[in-house]
Amino acid sequence: MYPRPVPETAHASRRLYMTLVGAILIIWLAPLFAVILTSFRSMADVMSGNLWGWPTEIAVVENYTAVFTQTPMAGYFLNSLVITIPSVIGVLSLSTLAGFVLARYRFPGNMLIFALFVGGNFLPHQIMMIPVRDLMVRLNLYDTTTALIIFHVAFQTGFATLFMRNFIAALPDELFQAARAEGATPFQTLIHVVVPLVRPALAALAILLFTFIWNDYFWAVVLTVSDNVKPVTAGLANLRGEWVSAWNLISAGTIIVAVPPVVMFFLMQKHFIAGLTMGAVKG
Amino acid sequence: MTSLWRRHRWWLTPTLLILPGAILFAVVILASSVQSLWISLHDWDGFGPMIWIGLGNYRELINDPQFYVSLKNNLIWLVMFMLAPPIGLAIALLVNQKIKGMRVVKSMFFIPLVLASVAVGVVFTWVYTPEFGLLALIFRAFGANAPALLSDEHLVTFAIVIAALWPQIAFCMVLYLAGLNNLSEELVGAGRVDGARGWNMLRHIVLPQLTQVTFIAIAVTVVGALRSFDMISVMTRGGPFGSSSVLAYQMFEQSIFSYRFGYGAAIASVLFVIMAVFITWYLTRIIRAEERGA
Amino acid sequence: MTAASSPIHAKPRNQNERNAMKSLELHRIEKSYGAYHALRGIDLSVEEGEFIVMVGPSGCGKSTLLKTIAGLETISSGQILISGRNVTKEEPGDRGIAMVFQSYALYPHMTVAENMGFGLRMAKRPKEEIDAAVARAAKILRITDQLDKRPKQLSGGQRQRVAIGRAITRSPDVFLFDEPLSNLDAALRTQMRVELSGLHAELGATMIYVTHDQVEAMTMASRIVVLNRGAIEQVGSPLDLYRNPANLFVAGFLGAPRMNFFDVTVDSVSGATAAISAPGLAPMTVSLADGVAPKPGDRATLGIRPENIRLSPDDTTRAAISGKVRLVEHLGRETILYVDAGALQCVSSESGTGNVTVQIGQVTPTAADAPVSLSIDPHDAYLFAGDGQRTVTVRKTIHTNRTKVGTI
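Order-wise, the sequence lines are chains A, B and C.
Numbering follows the numbering used here, in which position 50 of the first sequence is assigned residue number 62; successive positions increment by one, without gaps.
Numbering follows the numbering used here, in which position 205 of the second sequence is assigned residue number 1397; successive positions increment by one, without gaps.
Numbering follows the numbering used here, in which position 235 of the third sequence is assigned residue number 412; successive positions increment by one, without gaps.
Next up, chain A with everything else stripped away, as it sits in the complex (with noise of 0.2 Å):
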């Protein structure tokens, strides 16, 4: 255990401890919780510049409210979801798959199709840009919210195949042996031996890939143009442009748009950081 762990007994120390790490804790949120308390602050406490004052008002209820109803945000975020659900499912299929194939096959190849995997994922976005655009414009997709989950799934496949294949790489070799006496298909060892034991794996890469592909901002601003299609992200910056001072709902919608993967994380927290270092650490 490192740094020394506090002893159990040494009361005085664990109490100066606890209220060291609390401090920098509110320190650290400070930015957010500006924002939250923003969020209750009443219009009529904004126009009139008392913001940090005590309060004539609370109106979390009318702020909160007032997104849904006075902005696209409730179809901004059902947008969201329409996006990155059936994209999450994509990419754990197709990797799962891919990473199958790469783990348990040899041939050759095989490590110069991993690597594009992996270095694929160091491209910056912006490199892509022009032809996928280009891409979904030709298709008759551009501004749709199917663009979105084309490209999503393509470019989250290849962190999640590295990931995935690690994974299955790390199972033993004599399950496999023993499927393959028992005459099993490839696809049957996929579907009855691999994704139960994967399940973890999975989990861990569900919740990632939800984060990563529901706080995407760039994808969104160049492939959709209409509000019907865009994602809470790039509604919300739309939404800054709006209401420009409005810092009340603007707070309000920051908040609607953080709390998916908040929640989620919450939720799931252990195989979040568990997926953020499997794929890491492990290597």
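Just so you know, these hints were derived from the structure itself, not from any lab.
These numbers come from a predicted model, not from an experiment.
Glycine is no exception: its CB is placed at the ideal position from the N, C-alpha and C atoms.
Calculated lysine-lysine pairs in the PhoX-like style (CA-CA distance at most 20 Å, straight line):
#1 Lys316/C - Lys304/C
#2 Lys199/C - Lys266/C
#3 Lys1292/B - Lys282/A
#4 Lys316/C - Lys326/C
#5 Lys282/A - Lys1290/B
#6 Lys266/C - Lys244/C
What follows is a set of in silico ranges between Cβ atoms, one per label pair, in the way DEER data are often shown:
#7 Ala545/C - Lys282/A: 51 to 59 Å
#8 Met55/A - Ile1243/B: 49 to 57 Å
#9 Arg211/A - Asn1255/B: 54 to 62 Å
#10 Leu1247/B - Gly34/A: 56 to 64 Å
#11 Asp1237/B - His204/A: 50 to 58 Å
We have chain A already, so just place chains B and C on it with the hints.
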């Protein structure tokens, strides 16, 4: 037909399994990247025909003052982002205790990591807002007036990088916490028996065991610094007057707002080459260090 | 810690001081994790130059005890004194100890020389002193050629030596070994065992050694400490523990194949003897130690080592067990017989069956399923009373000329 399948099943099945992912990735990601390089050799407005101009875009780029502003800003991003691993390590060391409630505390430190970059951008724009932002509040508590960071040509990039450091530090913290969990108890014990304490223990016993994690943290941080786009787009749109723009943003601006796709592709290519060069250099250095038995 | 002397060099100046001061003293060491009692009331006193081996089954607390001596773990109460100094609250680096870990714990990014000199470097000793100490230790362990290599370039045995060398350079008052041989293969283990004993003789240092292997304990120790569930069962020289175990646990722990145990009843007690019997066992009389007297009717446990049971076709002067041979194991220099003695069943035996284990020190023609008669000399038998907590038979004398190492 079935017997043909049966005979070749052993190699057909894996091929078919990997094909969808591989094709999708190759077409959308890899082919596009190569295509951009091709487009950069043309003059194109996105609708009309592509006109071959060879290295014309690159020649223009070299003489473009905005290009150098972007490069300079990318450099500032790179250097300042190097703060993320050490600060991440410091926080990881701080919270790595098995006290009740520590898990919740750790999770709360991670929050910036799961926030959308858009949200982080908006949050910090709010913090930097003159008169009403958190920064202004703090300055007022000391009786001073906060500078309008996002409108100041000289300070804007630094302000944006600080916003971007928020999630980046959280990411490094996650990595280092995992690394600290994997420390060898025996090595730490041997260090204690040898009388290593505090800084000595950290430097000689702990950090060497965190080398792999540090490598990953630095790699991801560098890539993040060079790829930065979201924060700039949300907070300043490259302003004021392009003084906070970076290569990624300039490329976007030229393509989408100025309809100069060829020129934009050229900027993207330069960015790509810079990243590729750095990553290759870094990788070879690490591999050589590994072979020396570090 | 005084400025004038570092604990590594705080050795007594004169003979008398050295004789009077114990190398290591443990006073009533207790350690609990919440409700779990890991160490209970450990008391131990170690003279300088002794080779103490702590053995016990896994979970008995021997590694924990070693780590508390090192200072790597805290204790709930009690005191630890090293060379007369109370080090209970001291850091491991200030206790005057050096430790050899189970997986050697060599710093992977440092050379062998840097590994060995690290402790002295932390103590801010001058470079010449460090280099000299490292060279000296390397010479003793014959690793002078390896000084510039990295740990990953060395074999298991070589790494072992470096770990020991690292301990030697610090000139500690007490050496601590945490199962150092368990990661080596069998052949290497025997070789290192012999080397470590030789090292001890050469250095004359106090060594505390933890192992689960009773062969290492018997061959290397000047004294053995048997631990069970956090408490000391018995302390003594190897042969003393072997011949005179204080209770059933120690009797069953040392010696392989394991001692045979039988449930018996005490029929009568007269003077310093007791008559015992059990179904399937001819009545026998054992000599009692002073001051212990089981009551007639008491249940007790009879113990007899496999090597003390003889095959006796027709010797009627000794107590007898008859049975059928179930299994014969030929080991070349000895033969092991597993005998089913009908009504007389061996309890808590190693083989898991109730068979009596007999060890004959030679090749014997006895075959499986053959009927046999076994005889026991009552002087070889042990009687354990009070649920095995006490050995009540008289102590056996040990004839040996082994001398204690390191006395002045």
